[in-house]
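Novice: If you read the protein sequences in the order shown, they are chains S and G.
Quick note: the first sequence uses full-length UniProt numbering, first residue 1, plus one each step.
Quick note: the second sequence uses full-length UniProt numbering, first residue 1, plus one each step.
It is worth saying that the hints were derived from the structure and are not from the lab.
Backbone N, C-alpha and C fix where the C-beta goes; we use that ideal spot for every residue, glycine too.
The reader is advised that the hints may include incorrect statements.
What the hints assert, rightly or not - Footprint (simulated), chain G over chain S, 3 or more residues, beta carbon under 8 Å:
(1) 75-82
(2) 93-103
(3) 130-140
Unchecked claim - Here are some of the chain S residues that sit facing chain G, going by a computed Cβ distance under 7 Å:
(4) Met-51
(5) Ala-58
(6) Gly-289
(7) Ala-296
(8) Gln-300
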Amino acid sequence: MLEFRSVRKQYENGTVAVQELSMSAETGTITVLVGPSGCGKTTLMRMVNRMIEPSSGAVLVDGTDVREFDAARLRRGIGYVIQQAGLFPHRTVLDNVATVPLLSGCRRREARTRAAELLDRVGLPADLGRRYPAQLSGGQQQRVGVARALAADPPVLLMDEPFSAVDPVVRAGLQDELLRLQEELGKTVLFVTHDIDEAIKLGEKVAVLRQGGHLAQYAEPDALLAEPADDFVTSFVGRDRGYRRLSFRDSRRLRPEATDTVHIGDTSADVPSRAGWVLVLDAHRRPRGWLPPEAAVDGQLTEDQLVAGGSLHVEGTSLRGALDSALSAPSGLGVVVDGDGGYVGVVTARQVLDLIEEHRSSVTAEGVAP
Amino acid sequence: MIADLLAWLTNPEHWRGAGGVPAQTLLHLYYCVVSVGTAMLIAVPLGLYIGHTGRGATAVVAVSNAMRALPTLGLVTMLVLIFGLGDTPALAGLVILAIPAILAGTCAGVDSVPSDIVDAARGMGMTSIQRLWRVELPNALPLLIGGVRSAMLQVVATATVAAYVNLGGLGRILLDGLAVGHYEQMAAAALFIALLAVAVDLVLAGISRLVVPRGLALAAEANRDGS
Chain S
1 MLEFRSVRKQ
11 YENGTVAVQE
21 LSMSAETGTI
31 TVLVGPSGCG
41 KTTLMRMVNR
51 MIEPSSGAVL
61 VDGTDVREFD
71 AARLRRGIGY
81 VIQQAGLFPH
91 RTVLDNVATV
101 PLLSGCRRRE
111 ARTRAAELLD
121 RVGLPADLGR
131 RYPAQLSGGQ
141 QQRVGVARAL
151 AADPPVLLMD
161 EPFSAVDPVV
171 RAGLQDELLR
181 LQEELGKTVL
191 FVTHDIDEAI
201 KLGEKVAVLR
211 QGGHLAQYAE
221 PDALLAEPAD
231 DFVTSFVGRD
241 RGYRRLSFRD
251 SRRLRPEATD
261 TVHIGDTSAD
271 VPSRAGWVLV
281 LDAHRRPRGW
291 LPPEAAVDGQ
301 LTEDQLVAGG
311 SLHVEGTSLR
321 GALDSALSAP
331 SGLGVVVDGD
341 GGYVGVVTAR
351 QVLDLIEEHR
361 SSVTAEGVAP
Chain G
1 MIADLLAWLT
11 NPEHWRGAGG
21 VPAQTLLHLY
31 YCVVSVGTAM
41 LIAVPLGLYI
51 GHTGRGATAV
61 VAVSNAMRAL
71 PTLGLVTMLV
81 LIFGLGDTPA
91 LAGLVILAIP
101 AILAGTCAGV
111 DSVPSDIVDA
121 ARGMGMTSIQ
131 RLWRVELPNA
141 LPLLIGGVRS
151 AMLQVVATAT
161 VAAYVNLGGL
171 GRILLDGLAV
181 GHYEQMAAAA
191 LFIALLAVAV
201 DLVLAGISRL
211 VVPRGLALAA
221 EANRDGS
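Looking at chain S on its own, in the form it has when it is part of the complex (with noise of 0.2 Å):
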C-alpha cells in the first residue's frame, strides 16, 4: 500500500504545492492522481521514489517511511515512466529496457534476456530491440518506457502523464495496453494525468486535485461521475457525465432482438421483401453494414452496395458502448455481437434507456425502503 500522512510541499519561492494530503493507494490497483495543471499531482507522484522530498509529513510504502531508505535503491524497486518516455537515444531498445537489472548487478546476458521478454509483453516485436529510440515510433518508444519500468517487476510502478504526448488513437491502444498488463501483473500503479476521461477509464479510484495541491475528491470513478463532492469537480469531470457513467452499468439485461438479414454473395431472390433497413453479415455471420429500405438488389449483393454500419456493441459490456451503437447506426438498431465479433441481435436506443429507468427506480426504491 503507497500511503501519504499529511504530506506538504513548499517552495522556498513560497509557492505551496501540496497542502496537507493524506491519502493511500491500495496494493495491486491502479490509483489515478487526476487535476488541472499546477494542482500538485505530479509533485505528489514524485515525492514516493523521493524525486521530490515532502517539507513535512511522510510517504510511506508497505508501511515503511520511504526516507529510510536509499534513495538510489529505492528508485530501482519503483517502476518510474515519464511522459515523453524518456528512453536513452545513445543505446539500443533492448539496453535501454535492462538498464535497471543492469544497475542492480544483474549479468548483461540475463538482463537482455528479461529485456526480450518485456518487449514481447508489452506487444513490441523481437527485432525492434537491436534499433535506437529514434528510430521508432511515438507509441512505440512509449511502450518501450513501460517495459523498462517494468524490468525490475517492482511492485510499485508510477507514471506521469504517460501518454499525453501520442495521438488519440494510439492513446487508447496504450491505455487497453496498460490495463491488460495489469491483470497479468497487478501492480500497484500510480497514474497522473490532467484527462479525465483517461482517469476515469484506468483508475480503480481516482482522486481529482484542485490549484494548490488540495485533494477534492478521493472516489471510484463511477461515484465522483454520480456524486461530485463539489463545483470545482462537477465541472472538472465534465458536462456529460451522465453518459459517461453508463460505462459502468453493465448491460447483461439487454435483451437483444432479431431482425432482417442478409448475407454478402445473396442473390436478389434470397433479400426479404421489406420496409425496412436489412443487415448484411459476411460468411462467418460477422455485421458488414446496412442494405437501406427500398434499395434494388441485381444479382450478386456486394460489399459497396452497403451504408457502412454504426459502433458494435460486444454483449455483456457496457451500456454506454449498447446506447452509442444504437445511436451511431443508421437503421437506429445496434448491432450486438459476441466476443468474436458474430452477430447476436440487435437493441434500440429505447430499450437501452428503459433499463436505465429500471435501474433507477428500483435504486429509488430501495433507498425509501426502511
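Go by the hints and put chain G onto chain S.
Specialist: Structure of chain G alone, referenced to chain S:
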C-alpha cells in the same frame, strides 16, 4: 611567384634533415597534439563537472572569455620571459589557447542532454556518478568533440608562434623565410600549415564518427529530416 614557389617545393634540400618539411611538420603536429591533449585533461573534467552540477558556470564563462581575448604571441613571450626558453612556455601558451573551446563544448554538450532523459535516469535509480558516465557523457560527445576540433584548428594555426621563441615546427620555415625575405618559402610554409589543419580536422572527424554512439547519429539525422 608561382614559379618560385614550385622551385622551392621541388628543391630536395627542403625535404631532408631536421630542418626539412617532413620533420618540421611532425614537430608541428607534436606541439598540437600535446597541447590539445593537455588542454583536454584540464577542460573536459572541469566542463563535465560544471555541466553536471550547474555550479560555477558563470565564473567559467567569464574566465574562458578572458582567456580567448589573450593575444597568444604576447602570452608566449611573457611565459618565456618568466620561465626561460624551451618547449614548456610555448606549449603552455597553446594549452591556454585550447582550453576555452574545449570547455565550452563540454559544458554545452552536457547542457544539451534533454532534461527528461536525465530525469528518467535519476528516477530509475542511477547515482549522480552513474548519470554522468552512462547518460550525460555519451550524449555530450558530439558537442564535446566539436569543441576539440575547433580548439585543434586554432592550435595548428597558432603553433606557428612557437618558432618565435626559438622552437621548431612549420613556423620555423615561415619565420626563417621572413628573416631573409624569401617570400616563396613563407608561402610554402603557409600552404603546409593549411594542409596540416585540414588533415588533422579530417582525422578528428573520423574519430568523432567512431566514438559518437550510433543512436545519437540516428537521432540527429531524424531531427534534420523532421525540420
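Novice: Please go over all the hints and tell whether each is borne out by the structure.
Specialist: Verification of the hints:
no. : hint    : in the structure
1   : 75-82   : holds (count 5)
2   : 93-103  : holds (count 3)
3   : 130-140 : holds (count 4)
4   : Met-51  : 6 Å, holds
5   : Ala-58  : 20 Å, violated
6   : Gly-289 : 39 Å, violated
7   : Ala-296 : 52 Å, violated
8   : Gln-300 : 48 Å, violated
The earlier numbered hints that this structure contradicts are 5, 6, 7, 8.
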